[in-house]
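With the hints as extra help, turn the sequences into a complete structure.
Chain residues, written in single-letter form:
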Amino acid sequence: MKLAPVDYLILALYFAFVLGIGWRLRKRISSSGDFLMSGRSVPVWITSLAFIAANLGAVELIGMAASGAKYGIMTAHFYWLGAIPAMLFMGIFMMPFYYGSKARSVPEYLKMRFDEKTRAFNAFSFAVMTIFSSGISMYALGLLLKLVLGWSFTVSVLASAAIVLAYTFLGGLTSAIYNEVLQFLLIALGFAPLAILSVMKAGGWQGIVSRLPPNMTHAWTYMGSPTENPMGVEIFGMVAGLGFVLSFGYWCTNFLVVQRAMAAESMSAARRTPLIGTIPKMFLPFIVIMPGIAAVVLAKMNLGYALPLKATGGPDYDQVLTTLMSQFYPAGLLGVGMTGLMASFMSGMAGNVTAFNTVFTYDIYQSYIRKGAPDDHYLTVGRVTTVVGVLLSIAAAYLATRYNNIMDLLQLVFGCVNAPLFATFLLGMFWKRATAHGAFAGLTSGTAAAFLTLSCTEAEGKGGWIAQVHQFPSQMAQNFWIAIVAFATCFVISVVVSLATRPRPDKEMEGLVYGLTKVPRDLTAKWYQRPAPLTVAVVIMLVILNIWFR
Amino acid sequence: MDLRVPSGWFFSLLGLILLGMGVFAPETHAALTTENVNLYAGACMLVFGLFLLLLAWRARSHE
Numbered sequence: 001m002k003l004a005p006v007d008y009l010i011l012a013l014y015f016a017f018v019l020g021i022g023w024r025l026r027k028r029i030s031s032s033g034d035f036l037m038s039g040r041s042v043p044v045w046i047t048s049l050a051f052i053a054a055n056l057g058a059v060e061l062i063g064m065a066a067s068g069a070k071y072g073i074m075t076a077h078f079y080w081l082g083a084i085p086a087m088l089f090m091g092i093f094m095m096p097f098y099y100g101s102k103a104r105s106v107p108e109y110l111k112m113r114f115d116e117k118t119r120a121f122n123a124f125s126f127a128v129m130t131i132f133s134s135g136i137s138m139y140a141l142g143l144l145l146k147l148v149l150g151w152s153f154t155v156s157v158l159a160s161a162a163i164v165l166a167y168t169f170l171g172g173l174t175s176a177i178y179n180e181v182l183q184f185l186l187i188a189l190g191f192a193p194l195a196i197l198s199v200m201k202a203g204g205w206q207g208i209v210s211r212l213p214p215n216m217t218h219a220w221t222y223m224g225s226p227t228e229n230p231m232g233v234e235i236f237g238m239v240a241g242l243g244f245v246l247s248f249g250y251w252c253t254n255f256l257v258v259q260r261a262m263a264a265e266s267m268s269a270a271r272r273t274p275l276i277g278t279i280p281k282m283f284l285p286f287i288v289i290m291p292g293i294a295a296v297v298l299a300k301m302n303l304g305y306a307l308p309l310k311a312t313g314g315p316d317y318d319q320v321l322t323t324l325m326s327q328f329y330p331a332g333l334l335g336v337g338m339t340g341l342m343a344s345f346m347s348g349m350a351g352n353v354t355a356f357n358t359v360f361t362y363d364i365y366q367s368y369i370r371k372g373a374p375d376d377h378y379l380t381v382g383r384v385t386t387v388v389g390v391l392l393s394i395a396a397a398y399l400a401t402r403y404n405n406i407m408d409l410l411q412l413v414f415g416c417v418n419a420p421l422f423a424t425f426l427l428g429m430f431w432k433r434a435t436a437h438g439a440f441a442g443l444t445s446g447t448a449a450a451f452l453t454l455s456c457t458e459a460e461g462k463g464g465w466i467a468q469v470h471q472f473p474s475q476m477a478q479n480f481w482i483a484i485v486a487f488a489t490c491f492v493i494s495v496v497v498s499l500a501t502r503p504r505p506d507k508e509m510e511g512l513v514y515g516l517t518k519v520p521r522d523l524t525a526k527w528y529q530r531p532a533p534l535t536v537a538v539v540i541m542l543v544i545l546n547i548w549f550r
Numbered sequence: 001m002d003l004r005v006p007s008g009w010f011f012s013l014l015g016l017i018l019l020g021m022g023v024f025a026p027e028t029h030a031a032l033t034t035e036n037v038n039l040y041a042g043a044c045m046l047v048f049g050l051f052l053l054l055l056a057w058r059a060r061s062h063e
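Residue numbers (the working numbering), protein chains in the order written: chain A, 1 to 550; chain B, 1 to 63.
Derived by calculation from the structure, the hints in this document are not laboratory data. You may find that some hints are simply not true.
[Said to hold, decoys possible] What follows is a set of in silico ranges between Cβ atoms, one per label pair, in the way DEER data are often shown:
1) B/L50 to A/R550: 35 to 43 Å
2) A/A532 to B/S61: 30 to 38 Å
3) B/M1 to A/S266: 15 to 23 Å
4) A/V209 to B/V23: 36 to 44 Å
5) B/R60 to A/K310: 52 to 60 Å
6) B/R60 to A/A532: 27 to 35 Å
Think of the CB as a built atom: it goes at the ideal place given N, C-alpha and C, for glycine as much as any other residue.
Listed below in structure tokens is the structure:
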């Protein structure tokens with residue numbers, strides 16, 4: 001694939017706007033709170049789109065098309081089952097505590113609710129994870145651009161990292177959030193034509209259904225046993241593992257996304273952020289997954305299109321998206337598509353970097369390295385951390401070259417770090433008897449249980465380093481079960497240790513725990529802006545979609 | 001800063017570039033399609049961009 005001058009013009013235009021937004025926002029920064037938390041002043045439509053855009057990195061974009069080609073419409077569960085219920089729960093039940101507690105980050109909430117050691121554990125593991133995710137995303141993009149356009153891996157990685165660094169350094173979180181929205185719109189508008197063209201060419205949805213095995217076009221029907229569906233998971237693992245533990249762990253406790261909602265201008269806006277975000281999120285599968293499914297059909301139709309192959313043989317699903325673009329997009333729109341890919345990479349990376357610098361500055365530096373310095377000092381630390389975060393991500397990108405299926409690896413990391421976390425938050429927010437020692441014991445044993453499960457079970461040649469107690473039919477199933485085990489362990493240990501330790505006085509937990517906090521009622525909001533009607537509408541749409549693609 | 005302004009300008013300009021391609025090079029198309037893809041996509045983006053600018057302009061005149 002070769003880009004024409006007009007494609008480079010589009011790429012340049014986009015970079016100019018991204019940097020321009022950063023430049024215009026630089027004057028809004030006068031304190032560490034402006035830089036790291038947007039001064040809590042961002043309008044709700046912007047935080048809602050940023051909420052889902054921060055998660056829509058290049059890895060997701062490439063990975064979702066790849067999974068679409070590999071697993072079919074079941075991939076949509078990563079959205080319908082694996083995101084939306086958790087986003088609704090977050091907006092309705094959890095946001096009042098995050099926003100109302102005045103915590104500046106998720107780890108800081110843990111400090112207020114429990115104690116220092118739980119915060120430290122969460123802050124450090126989160127910091128490592130953001131760098132890791134950002135590095136994987138960078139690696140995926142660099143590899144792809146090298147493969148597709150013949151650009152140098154190092155040049156494309158360094159150039160895009162430099163642009164992300166420039167606008168996050170200038171305008172902080174606000175700049176990252178504003179650009180994420182521009183990036184989201186570009187991804188949606190840039191990839192929608194691909195979905196439309198490829199599905200039409202494949203004969204519409206009916207044409208796809210008639211040409212594919214039925215387990216590729218049904219999301220629920222073949223989930224009874226792991227051997228019947230291409231993902232190799234059964235309904236319990238799917239619903240409990242992905243739909244409950246992994247998704248709630250990610251969408252409700254991951255500071256990367258929670259930070260976007262916390263930047264909203266009011267409590268009511270913060271609660272509506274994830275709720276409004278579910279609406280575009282619900283329809284994203286049509287843009288990001290459909291082209292992958294259509295690609296499999298097109299390859300069967302003797303049109304001259306074949307699924308891309310790996311050097312070692314077997315299909316290379318990660319290249320499905322770009323090969324489709326080269327088959328459907330002429331010079332011009334191809335530039336938009338490529339810019340969209342770069343944009344997705346940047347929004348993913350900026351999300352990670354801005355979450356990393358906040359957690360490092362407030363939860364690590366201010367808590368353990370230097371307390372009580374003037375705010376100017378922390379603003380400088382925030383800026384320096386932004387630079388360091390980008391540099392560490394680049395290092396992580398080179399580490400990631402050792403793994404090939406990036407989506408599975410991400411799930412693995414989330415499984416071990418995020419899964420127990422949701423149990424801690426659930427108990428912390430809704431059970432006032434949960435104690436600091438209980439939370440810490442639960443969290444550490446849950447994480448240990450995750451790694452232990454990974455070490456004792458095997459799937460597709462991964463894991464099972466210590467022993468091979470169980471063989472999973474797929475890595476996906478293994479990831480889901482690791483999450484289930486981690487969550488259950490954390491939950492049980494937290495409850496047992498909490499009951500054995502001294503409870504904290506109620507008075508200290510006002511605003512932090514359900515039952516001791518007045519849930520805000522926003523009487524100025526119009527009826528359709530209130531959480532309940534919004535949620536009902538979303539649930540109805542979600543049910544219809546799932547019945548349609550059952 | 002109202003984000004609708006820079007986004008509106010961005011998509012309007014992008015739409016104009018694609019429309020230009022669609023009008024002046026209508027024969028440009030990729031292997032699997034014969035449609036003038038640039039023309040349609042460009043028109044949609046221009047409309048979207050102008051819509052954002054309109055929203056921003058209305059919000060400003062209301063203040």
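Hint-by-hint comparison with the structure:
no.	hint	in the structure
1	B/L50 to A/R550: 35 to 43 Å	holds, 40 Å
2	A/A532 to B/S61: 30 to 38 Å	holds, 34 Å
3	B/M1 to A/S266: 15 to 23 Å	holds, 19 Å
4	A/V209 to B/V23: 36 to 44 Å	holds, 37 Å
5	B/R60 to A/K310: 52 to 60 Å	holds, 54 Å
6	B/R60 to A/A532: 27 to 35 Å	holds, 33 Å
Of the numbered hints listed earlier, not one is contradicted by the structure.
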